[in-house]
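S.K.: Residues per chain, in single letters:
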Amino acid sequence: MIEYFTFKHSGEKESYKDEIYLTVVPSVTVAIFYGSVLPATSKVSPEMFSGLLAEVSPDPDFNRMCQVLDGKLPGNAEYLVLRIEGSRIACFRRGGVAAKIVLGGDLKMLPNGIFGLNEGDRILVATDNFYSHLSDEGILADALVTDSCSDWMNLLVRRISDVNQLKCGNLSAVTLLVR
Amino acid sequence: MPDFTLLPDQTVLLIQIAAALFVTAFLSFIYVALTTVLSLNKLKKMAGKDTDNLLVCDVAYFHCRGKRENQEDSVYISPLEDSYSNGVVAACSDGMGGLLYGEDVSRYVVERLDQVYPMKFDDQEGISAEIKKISDEVYEQYHLGAGATLVMTHILNNKMNFYSVGDSNIILLRKGRVTLLNHKQNYISLLIRKLAEGGTETSEAYRNTRAKALIDFVGNIETNVIHTSRPIQLYEDDIIIISTDGVTDALSFNKIKGMLTPEYNAKQLARLMKIGVKNKKLPKQDNYSAVIIKMDRSLI
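As given, the protein sequences belong to chains A and B, one line each in that order. For the first sequence, numbering that gives the first Met the number 0 puts the final residue at 178, and the numbers step up evenly by one. For the second sequence, numbering that gives the first Met the number 0 puts the final residue at 299, and the numbers step up evenly by one.
To be clear, the hints were calculated from the coordinates, so they are not data collected in a lab.
Straight line, CA to CA, 30 Å or less: simulated DSS-like cross-link-like pairs of lysine-lysine:
1. K211/B x K166/A
2. K273/B x K174/B
3. K193/B x K99/A
4. K166/A x K254/B
5. K42/A x K7/A
6. K7/A x K166/A
7. K277/B x K256/B
8. K99/A x K158/B
9. K211/B x K12/A
10. K174/B x K107/A
11. K254/B x K158/B
12. K280/B x K256/B
13. K16/A x K193/B
Here are a few chain B residues that face chain A, going by a calculated C-beta distance under 10 Å:
14. K158
15. M159
16. F161
17. R173
18. V177
19. N181
20. S202
21. E203
Note that CB positions come from ideal geometry on N, CA and C, so glycine has one too.
Please model the complete structure; the sequences and the hints are all you need to start from.
M.R.: As structure tokens, this is what we get:
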């Protein structure tokens, strides 16, 4: 079972321009679109990203799905897509969105590819803006002292708040826990 | 065979003495080498694994009264000779200001930790339950009339678990980054959570007059002990500071970052911090205490 918690915050900006996409059937698919870094004139919007993803995500072949998605999105679109099936996780990222996994008392970034998952594994998916106010040591410590995704996220948000009172542009993140 | 008969007797004697000295030195060298190898094997067996990559904990501490009448901080460091088998446990407890008996409670907390030692490194739940038990004992004695904070680290085989109740600090310095590992259990956490969930910025929380009020401490009812469920990996040159808030009230994290670098040993780091707090000359300087642990490359 996968437990998850999402966090979307405009961060003192007038509007929230990122997007978090999440489905749990037939497999868990998590995606973050980093719309807030795109210029106002950009052709790609959060709605367009969600629409495209909904269209291609039924494809059981993750690599093919990502190729199709990548081909349909403009070159400046930054996003990450994760798919979790059983004990495997597949990751595809482009630009300033990353997934980090707690592994052996350390925090590692998930590169593009397919990897094994174990019970108790914790994963954070977030935009560069979210990560920029945190250290890996802080993310790791918070992951290891909490036993739910919402508690972990709350501690991360507290850290960002201590730096800038959440006045820092759009913040988007998802915490995941393998039960 | 060399013929010594043509040499003067005195020269022959000198050669014999030199040969005897050489043989003695050689045998001594063999003895020292064998003893060292045997000791290393013994230590490796004690650690139960290959010690080649083990880091050692270089530990130092300071424990100062500041401008307070009483010393309400207490410090605990486990016996370092047991570190290969039981790890290094270091803790600081800060008796709560404004309440009576803060000094007694913090001392009681570290004395009880000493009784609990040695602790099973991987039994985080068990250790947490012991801390809760200590808190319950304090509650039974003082009924919220006294309390203390507690921060504790347990390091074994390059891994660290930590435990925290209240608002003292466990700080990790790694590669020039300073990170507070434990969250402070004060009222501001609740305010920030509420504001963030409402989608607003959180500056209002920091202006709240009760922001720093503790919501948990040793001596509270049903104390919540923050603890790691799995250990954190430690690396060479990591510096861990377990301190009371008297230290961080005087020294900002940026100041600590600029002051402490891995070329110093733990004793030098402790001295730098202590002098740093003292030089700040805060008129109401709280008691300030810290244990500094530097992870060093092992010689074995």
